[in-house]
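**Student:** For reference, the chains in residue letters:
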Amino acid sequence: MAELAHADDAAIADPSLRHHFANSAQQLDAAMLGMWTFLITEVLFFGGMFTAYAIYRTIYSEAFASTSHYMNVILGGTNTAVLICSSLSMAMAVRSAQLSRYKTVVISLILTMIFGTVFLVVKYFEYSEKWREGLIPGIKFDTVNYHVPQYAHEAQILFFLYFAMTGMHALHMIVGLGLLTYLVVKARQKAFNASYYTPVEMIGLYWHFVDVVWIFLFPLLYLIGNRGPH
Amino acid sequence: MTSSHIPSTKSLVSVWAALICLTWTTVGVSYIELGELNVVIALLIALIKASLVAWIFMGVRFSAPMTRLFVVAGLVWLTIMIVITSGDYATRRYDNRPKSWTPTPPANTSTKPIPPAVGNK
Amino acid sequence: MLASLPLLDIPLFPPVASAQARQIDYLYFFISAVTIIMTLLIFVAIVFFAYKYRRSAHPHPTQIEGSTKLELFWSITPFLVMLVMFAWGAQLYYAAQNPPKDAMEIFVTGKQWMWKIQYPNGTRLINELYVPVGQPVKLTMASEDVIHSFSIPAFRVRHDVVPGTYNNLWFTPTKPGDYRLYCTEYCGLWHAKMNGWVHVREPKEWSAWVSGGSQGSLSEQGQKQFQQLGCATCHLLDQQGRCPNLRGLYNKPVQLNNGQTVTANDAYLRESILNPNAKVVSGFEPDIMPNFKGQVSEETVIQLIAYVKSLSPSGPAFQQGSQQPPVVIAPKAATPKAQPATRQ
Amino acid sequence: MATLVHSNPQAAEEVNYLNVEHGWKSWLLTTDHKRIAILYLISITLMFFVGGTFAVLFRINLLSPEGIFSAETYNRLFSMHGIIMVFFFLVPSIPATLANFFIPIMIGAKDLAFPRINLLSWYIYIVGAVLALYAVVRGGVDTGWTFYTPYSSTYSNSYVLAAAFGVFVAGFSSILTGLNFIVTVHKMRAPGMTWSRLPLFVWANYATGLIQVLGTPVLAITLLLLAFERIAKVGIFDPRIGGDPILFQHLFWFYSHPAVYIMILPGMGVISEIVSCFARKRIFGYNFIAFSSMAIAVLSFVVWGHHMFLTGESMYTAVSFSLLSMMVAVPSAIKVFNWTATMYKGSVSFDTPMLYAFGFIGLFTIGGLTGLYLASLGTDIATHGTYFIVAHFHYVMVGGMVMAFMGGLHFWWPKMTGRMYSESWSKFAALLVFVGFNLTFFPQFILGYLGMPRRYHAYPPEFQVLNVLSTAGASVLGVGYLIPMIYFAYSLRKGPKAGPNPWGAAGLEWQIQSPPTTFNFDETPTVKEEAYNYGPLEEIVG
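Residue numbers (the working numbering), protein chains in the order written: chain G, 67 to 296; chain Z, 3 to 123; chain W, 2 to 345; chain F, 23 to 564.
Think of the hints as simulated: they come from the structure by calculation, not from any bench. Check the hints yourself; a few may be wrong.
In silico DSSO-like cross-links for lysine-lysine, where the CA-CA straight-line distance does not exceed 27 Å [to be verified]:
1. Lys206/G with Lys255/F
2. Lys12/Z with Lys196/G
3. Lys255/F with Lys189/G
4. Lys294/W with Lys255/F
5. Lys449/F with Lys53/W
6. Lys255/F with Lys196/G
7. Lys255/F with Lys112/W
8. Lys206/G with Lys294/W
9. Lys256/G with Lys12/Z
Covered by chain W, according to a simulated footprint, are these stretches of chain F (three or more residues, beta-carbon under 8 Å) [unchecked claim]:
10. 253-267
11. 383-393
The C-beta atom is built at its ideal place from N, Cα and C for all residues, glycine as well.
Please put together the full structure from these sequences, using the hints given.
**Tutor:** Okay, structure coming up:
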């Protein structure tokens with residue numbers, strides 16, 4: 067356990083040390099463990115939908131393959147690339163916070179936010195295209211001129227899962243953008259330096275997690291079955 | 003990630019490059035018709051990408067063994083859920099497997115023969 | 002077994018009216034014995050220790066760390082006892098899930114707050130089930146809306162009726178009488194009203210009842226529907242029409258155009274009626290048979306299936322047909338549009 | 023309880039967490055884990071009595087075979103009773119109150135790892151509770167606490183969305199509490215407080231934290247998918263488009279079975295503390311009890327299939343779930359044997375907490391053993407969906423969990439409030455609860471095997487006598503739960519002052535003043551000896 071002899075002078079030196087922690091190393095470890103535990107809950111939260119996807123994919127594999135006719139792989143691919151770049155810029159932000167480079171922290175955070183917004187805009191186009199083609203299960207889904215009418219019903223299951231998963235993912239992106247704005251405001255006040263960068267690190271973990279979820283969503287939803295030239 | 007371990011820019015950019023190439027490969031592979039294998043390859047590539055992001059970007063490389071245990075525990079619980087639930091569906095009898103049929107309305111009492119369903123060729 | 006307290010006539014134990022009931026009761030008694038023994042053991046141990054080592058009589062406790070041998074003993078022995086319960090229960094469950102081949106088949110449809118029961122000879126009842134003593138009965142159950150659960154406590158049988166699937170349940174009544182029938186899965190407002198009676202009668206009395214007033218057997222009604230719905234135009238019975246010939250189809254392996262082979266049981270027939278393109282027989286074109294989903298009612302589907310079954314000689318015991326060698330439906334590889342060669 | 027202001031003039035005004043600051047702001051914006059525990063205690067007691075009144079109401083309805091209220095009212099009463107009791111009383115009760123209060127003190131820390139998240143979890147609980155009460159006021163939900171589709175998604179026209187959203191929000195409060203406990207036990211232990219010196223109450227709540235963190239998110243996503251399906255009129259659980267209602271049950275029970283262990287594990291932790299204190303003895307087989315808590319936490323995630331044996335599950339799944347369900351019963355058996363063995367050669371005193379511990383061990387044994395009827399496939403056919411199951415889980419939840427909660431409350435009340443409560447009244451109440459409980463739920467075992475189905479507002483006339491017995495028991499139980507409210511409130515005002523260690527117990531929480539100061543310890547203690555050190559070690563049995 068942390069040595070306690072000089073606990074008090076550590077408290078004086080570091081204003082951000084919370085009273086109930088012995089020293090900032092213990093506080094950072096606690097924050098990291100807490101963040102990882104939270105990410106585990108997110109893994110299981112998305113896990114429920116992945117379980118449903120896995121089951122319906124095995125039962126209705128042809129119906130799911132028929133839905134790839136409507137999935138725009140180019141938009142999905144660019145989105146994946148955009149998210150990977152945002153992960154890079156987020157990692158750079160964390161790195162420069164650890165090295166107390168105040169300017170690069172602000173720039174990379176803003177870069178991450180730009181990539182995030184680009185992702186959401188592309189997502190908006192995909193959703194509106196699906197709305198126009200009438201593929202929203204329940205609300206607007208014309209089973210009559212679905213391109214393989216016999217699979218119209220099972221395809222609704224996939225589109226339900228598609229909107230549930232990508233919707234939840236987009237919601238997490240929006241929350242991430244909110245957190246990033248908070249970080250940018252604090253970074254401009256030079257709040258983060260080598261001895262105190264926990265918020266940047268934790269929101270970085272959250273952002274990378276959201277990217278990992280998309281890394282799994284993209285192949286499972288967009289690259290189903292054999293799709294000739296799209 | 004204690005403060006002594008900071009990832010170098012080189013390692014970050016190389017991970018980024020690897021992720022982009024892997025995305026290209028997974029899209030490319032999906033155009034080749036391999037039947038069941040398509041899903042397996044797509045998931046494998048996604049797994050590699052995810053572990054790359056976790057190992058370098060999320061700093062699992064430097065973090066304490068307890069954090070790594072937590073990450074592994076989370077993935078183990080996810081596999082428990084997926085494997086056991088889909089195990090049930092894989093081994094179910096044909097009768098009990100979900101099939102798409104709708105609850106049918108009351109019997110068609112009119113004597114007129116039923117026209118074929120609208121929309122079918 | 003003390004079936005009820007004499008004075009207040011409180012029922013303490015359900016009637017034992019089916020072959021399964023006695024078997025499940027034996028397991029029930031075994032687990033009850035284990036429960037009572039263990040509860041008394043713990044109860045006596047606590048009372049004895051609490052009394053013997055009460056603070057006034059035993060002020061100086063002797064600290065004991067614990068003993069691994071004792072711990073291993075009382076974790077392995079309970080597990081062994083539980084393994085016996087597990088194996089015994091699994092064996093009963095396996096028997097309950099696999100009805101005998103010669104069981105008489107009755108169709109049950111669970112609909113919000115009533116049980117519609119159809120006999121192969123066409124009689125239809127609501128919340129009433131007449132069965133002969135000693136004859137195994139298999140219930141094939143479907144639900145039209147929510148999950149119900151067909152349960153007859155006197156026979157110790159119960160199975161959920163899940164919409165979208167066929168569930169079956171079987172029993173062999175052994176004691177004539179009237180037994181209650183319940184729905185044990187919550188299904189809405191009048192869930193408590195969804196009960197009925199199971200009347201077990203002697204075989205003579207039962208067959209008289211069965212051959213009594215009924216508008217033609219299920220398969221005859223099925224035949225009427227078969228004509229009326231226009232199935233006969235494609236499914237010719239004497240030679241090969243544009244669609245597969247249904248004579249002798251029931252319970253036979255069928256080769257599909259995606260290479261799979263499926264046995265043509267009730268669920269296959271029902272799915273092919275409601276969603277024909279889901280499983281197209283090899284050598285035939287999809288999208289020829291109209292989709293009857295939403296056009297035909299539950300009873301009509303069951304009547305059609307009964308009619309198709311009556312076409313195959315190896316139908317269930319009710320039509321005493323002899324066991325014929327399995328007939329492979331799929332014609333030899335023929336050009337799609339050409340007249341497929343007739344079967345041998 | 024009104025604001026806890028001390029008006030006891032003659033005692034030297036020692037500063038403690040209660041009188042260090044006053045006014046509603048100091049309570050509603052506190053980050054002191056002790057005050058948050060008191061806030062939780064008040065809110066879950068309210069929810070317990072709301073749920074309890076529903077229970078008494080529908081027990082009255084079951085007095086006559088045709089039922090006194092309408093079917094509609096009965097269906098909503100039992101559903102809301104289930105939802106409020108499970109998600110708003112049983113899941114948070116011991117973790118959010120007693121564990122929240124005592125884990126930091128027991129491991130020698132000033133506070134939990136994330137005090138602000140602790141307060142946030144209480145506010146989220148309140149938002150969830152308000153949503154659930156809104157659903158109650160507007161007419162309640164009639165799907166049962168299990169929300170089974172397709173009834174809940176397409177056929178029910180009650181406030182399913184409001185209730186499901188309330189439970190969804192309350193789930194996050196439970197996740198945050200679990201997260202707080204895990205990080206605290208990992209990172210905030212005082213020097214010398216190694217894992218093998220942790221009190222068993224901390225072990226039990228650490229295991230509960232793991233289940234809360236790993237299980238609750240799946241409930242969140244399941245209820246979300248249900249809400250989407252209810253709004254969009256079509257969804258993945260809808261059989262009309264090929265969905266499978268059983269998938270909802272898989273995802274629901276993946277959380278809800280571990281949730282029943284979230285409810286019982288903290289109770290087991292409390293009983294380990296009480297038994298070793300009132301037998302003045304080291305707990306028998308410390309490592310085995312600690313290890314069995316962890317074993318329960320892990321095994322509880324692979325047994326959920328026994329809720330669905332009769333839904334057409336495949337044979338292999340049913341057999342494997344039945345075997346695993348038998349394995350998960352072993353750690354609970356180990357705990358019961360160890361508590362009994364702890365009393366061997368002890369010096370047992372019969373204070374109220376010990377009476378509740380006796381009650382817990384007896385009733386939890388019956389509850390646990392009757393679970394074997396449901397784990398073994400054969401007898402599950404005869405008992406699924408009947409009152410046998412209602413009796414089983416009430417024996418474990420009310421006979422086990424609520425007994426342990428009352429025992430813990432009586433055990434730590436002097437430490438939490440610095441006041442003793444009346445000994446005779448509390449013993450009388452404990453006896454009343456024990457008698458009322460058995461009178462309520464034992465007849466239901468008989469009704470169960472007779473085949474009376476659950477959730478029936480009207481039943482065949484031959485079951486009437488047993489139901490009347492059960493209703494009589496319910497009223498005795500209700501009174502048994504009201505009496506503590508009175509003597510606890512009385513003790514706040516006029517109870518005799520309780521010193522730092524009224525029971526002479528071992529443990530860090532008994533070495534500080536009661537009620538403790540805001541930062542618990544003047545300087546962080548160093549732990550040198552074992553967890554339950556009531557005297558030198560004399561004997562190793564066998």
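**Student:** Work down the list of hints and note, for each, if the structure agrees.
**Tutor:** Quick rundown of the hints versus the structure:
Proximity of Lys206/G to Lys255/F is assessed by CA-CA distance (about 11 Å); at most 27 Å being required, the pair is judged to hold. This hinted pair does not check out: Lys12/Z and Lys196/G have alpha carbons roughly 40 Å apart, beyond 27 Å. With a C-alpha separation of about 24 Å, the suggested pairing of Lys255/F with Lys189/G holds against the 27 Å cut-off. Taken as a hint, the Lys294/W and Lys255/F pair is honoured in the structure, with Cα atoms around 19 Å apart against an allowance of 27 Å.
Straight-line distance between C-alpha atoms of Lys449/F and Lys53/W comes to about 21 Å, which keeps the hinted pair within the 27 Å bound. Pair hint Lys255/F plus Lys196/G holds up; C-alpha atoms about 18 Å apart against a cutoff of 27 Å. Our distance criterion of 27 Å between C-alpha atoms is met by Lys255/F and Lys112/W, whose separation comes to about 20 Å. A C-alpha spacing of about 21 Å is found between Lys206/G and Lys294/W, which places the hinted pair at or below 27 Å, so the restraint holds.
A hinted pair counts as satisfied when its Cα atoms are at most 27 Å apart, and Lys256/G with Lys12/Z qualifies at roughly 25 Å. Coverage of a stretch by a chain is defined here by at least three residues with a beta carbon nearer than 8 Å to that chain's beta carbons; for the segment 253-267 of chain F and chain W the count is 6, and the condition holds. A count of 6 residues in the segment 383-393 of chain F with a Cβ less than 8 Å from any Cβ of chain W is obtained; the coverage claim is therefore met, three being the minimum.
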